[in-house]
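Protein chains in written order, with our numbering: chain A, 158 to 321; chain B, 2 to 188; chain C, 180 to 564.
Worth double-checking, as some hints may not be accurate.
Think about it this way: if two alpha-carbon atoms lie no more than 25 angstroms apart in a straight line, the pair counts; the simulated BS3-like pairs of lysine-lysine are [said to hold, decoys possible]:
1. A:312 with C:491
2. A:317 with C:519
3. A:312 with C:519
4. C:226 with C:185
5. C:541 with C:226
6. C:476 with C:430
7. C:519 with C:448
8. A:189 with C:491
9. C:448 with C:382
10. C:372 with A:228
11. C:519 with A:189
12. A:199 with A:174
13. A:228 with C:491
14. A:317 with A:228
15. C:443 with C:430
16. C:448 with C:430
17. A:189 with C:430
18. A:199 with A:228
19. B:181 with B:126
20. C:443 with C:375
21. C:443 with C:372
Pair by pair, the computed Cβ-Cβ distance ranges are [what the hints assert, rightly or not]:
22. B:57 with C:324: 39 to 47 angstroms
23. C:324 with A:293: 40 to 48 angstroms
24. B:185 with C:363: 46 to 54 angstroms
25. C:287 with A:242: 31 to 39 angstroms
26. C:369 with A:313: 51 to 59 angstroms
27. B:163 with C:379: 28 to 36 angstroms
28. B:48 with C:351: 41 to 49 angstroms
Hints were generated in silico from the structure; no laboratory data involved. We treat Cβ as the ideally placed atom computed from N, Cα and C, and that holds for glycine.
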Amino acid sequence: MSQSTDGLYVENVLADKINSRFGDRIKVSYLKPRRIRIDVSKDHVLELARFVRDELGFDHPISVSGVDYPKRSTIEVVYHIGSCSRDEYRSFVLAFAVHLPRDNPVMPTLIPVYRGVEYHEREVFEMLGVVFEGHPRLERLLLPEDWADIPPLLKDFHIKGREE
Amino acid sequence: MLRELLTPKRESKESVLSDHHDRPTNFNVLVGKLSEVLVKAIDAPLGYAINWGRLWSLWPVHLETACCSLEFGAASGPRYDVERFGIIEAFGSLRQCDLMVIQGTVTRKMAPRVRMIYDQMPDPKYVIAMGACAITGGLYFDSYNVLPGIDGVIPVDVYVPGCPPRPETLIQGCMLLQEKIKRTRFR
Amino acid sequence: MQQEDKALKDRVREIPGLQMEGEDRGILTLSVGPQHPGSGHFRLIIKVDGDIIAEALPDPGYVHRGEEKMCEYRNYIQNIPHLERPMIADSCGILYPYVLAVEELLGIQVPERAKYIRVIMAEINRCIFELYWLAIYGIFLGHSTMFMWPMADRELLIDLAEMASGARVTHAYFVPGGVRNDIPDIFVEKATKHVKYFRSRLKEYESIFYANPLFQARTVNVGVLRREDAINLGATGPVLRASGVEHDIRKAEPYDVYDEMDFKVITMKEGDSYARAYVPWLEMYESVEIILQALEKIPNGPVRIKLGPNPKGGVAEVFKRVEAARGELAYYIVSDGNPKPYRVKLSVPSFRELPVMAHLLKGAKLADMPSIYWSMNYWPVEADR
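Use the sequences and the hints to build the structure in full.
Pasting the structure below:
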């Protein structure tokens, strides 16, 4: 597990640290140069975020994205976190993805760990319908106030005239 | 109004069949012809003077909608100076502006506010739709949140095409608007 | 009486976008509305207690054009024109990570000359953008000379960009595979001349703007952002570097030929509005250095790898980031093997400054609001995408 393959030494060391702490509660999805992606369930995501921020030094939230996979009936919420304080991880971006069931996408908010994800989570809420428990103000952000349609980034929503 | 004041009034006498009272007197004829001359002398030049004052001091509302606002800002810069045409951005209230330049895409969230701003401007007011997005929705015509053109919400006087239009095109649009104002009848 | 109050409150709550005044005495809700004599359409709902801002709620979305949804209906090349419009002044900066990400997805290597040209255009766009930002900063604080001078200096650099790409602002010059066309022969000599003149003009801004006691009175010690807050709230770009964090993607994760260029990362310790305005000015000096070095080292060769009509990658996902003029711009592209991307997510620096703005405006004086708001380098068109 700790052998360096294709020169991804630091990535493997990082993945080992997370694996040794969390074991089978997480799964390392892929390891690419300077990019690591971890799949985690919504029950352990807060603990993973705290560990990643305090022990590993990934403290700079970059973005929160939601992706809709209707074929797998899941909605994925992907958090991308960078590092500002540790020199060896400055070029790394850690992504952790939470898979949520498409008909009931609920997960806890990560605002207690990273305060900067507040508006990103609001946007994922209104664009995909994911509910973040514990969010202080889960409301519409970018769409008009009288939006009466389904969340637009779901694959069921088609732009008029371009149904395929 | 001037015309009405100077039109001679026929005095109505007792009999409608007697015609020598209906014939205008010499004084009436003189006043009638004088009124025509005065109206032609004052009405048209007065109208011309008022139109001249309006078209050389169009003050636009500061409404930087979207990307075209960059070229509007560049038009206010030293190279393409629109201030020599009298177009100064009034950084104050809307109540002193008479030109509204829709610079770019108007979204469904913003459209009621654009209408509100248009209603708050005093008459006479003019609208220039700048950029492809303000004319027909442009590059974003099929987006879920974009209005396909602003002329369904407010009446537009001049359309300036481009994405974004160069500052010279915008100045040409302003000059077209000036031609339009020159032809306006003064009421 | 209480029932009437409750009925009124319920009716008010139904009206979208309307806020009710607080029940405590003295709190007034102001709407610094979508149309204001400043930047684009962005609303700040400010609750004011006397002269102090008690709470500021940003209300973006007035220029939301649905970029991310539109990307899924066009293929990789057709996405280029509309993706560069969110930040039209820095159009190379917002297109750069998209082009790098698509190149990684398609697995193509770009020729060397194209990399140098891309670096030169990106730095020219950085200067064009920072000058526009400084011009509007002048207008915000009532300094109209500071509006005119940067606008004039910008025109020289826009001439260079027009010479290379054919358009003043929306270049659409970067494509996956290189750049669209080669630069003309006189570009190198004209660029050297223009950029050296621009460097001498930069010195003039010190005396009229940065050493101006009025500007200093309005921005020194206003909106101080501490280092830990800046990192945790996700600030980026000059806002982050003005709070003492030395983080620049051009040095942290170099892309194209930035690792061969010699430049410094500018940081300041104070974290107030003055530092946030000073850092971009010093960064423009570094941009000039990079442009001059790249113009000397540029090799000959092809500038573009021609792709087929409908390029597509495999089933993969890519996350690429770049240091645009405002900060870290990142794209997250998910591809499922089709010519059209499955999901494109833009992470723009303006959107990331929203929590920082809300945090800094709390407790500030109402008159400091323009100075804090504009020093965040927030562009509504970009934040709403």
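Each hint tested on the structure:
no. : hint                                 : verdict
1   : A:312 with C:491                     : holds (20 angstroms)
2   : A:317 with C:519                     : holds (18 angstroms)
3   : A:312 with C:519                     : holds (14 angstroms)
4   : C:226 with C:185                     : holds (21 angstroms)
5   : C:541 with C:226                     : holds (9 angstroms)
6   : C:476 with C:430                     : holds (19 angstroms)
7   : C:519 with C:448                     : violated (45 angstroms)
8   : A:189 with C:491                     : holds (20 angstroms)
9   : C:448 with C:382                     : holds (22 angstroms)
10  : C:372 with A:228                     : violated (57 angstroms)
11  : C:519 with A:189                     : holds (23 angstroms)
12  : A:199 with A:174                     : holds (20 angstroms)
13  : A:228 with C:491                     : holds (21 angstroms)
14  : A:317 with A:228                     : holds (22 angstroms)
15  : C:443 with C:430                     : holds (9 angstroms)
16  : C:448 with C:430                     : holds (19 angstroms)
17  : A:189 with C:430                     : holds (20 angstroms)
18  : A:199 with A:228                     : holds (20 angstroms)
19  : B:181 with B:126                     : holds (12 angstroms)
20  : C:443 with C:375                     : holds (19 angstroms)
21  : C:443 with C:372                     : holds (23 angstroms)
22  : B:57 with C:324: 39 to 47 angstroms  : violated (25 angstroms)
23  : C:324 with A:293: 40 to 48 angstroms : holds (44 angstroms)
24  : B:185 with C:363: 46 to 54 angstroms : holds (47 angstroms)
25  : C:287 with A:242: 31 to 39 angstroms : holds (35 angstroms)
26  : C:369 with A:313: 51 to 59 angstroms : holds (53 angstroms)
27  : B:163 with C:379: 28 to 36 angstroms : holds (33 angstroms)
28  : B:48 with C:351: 41 to 49 angstroms  : holds (47 angstroms)
In summary, the structure is inconsistent with hints 7, 10, 22 from the numbered list given earlier, while agreeing with the others.
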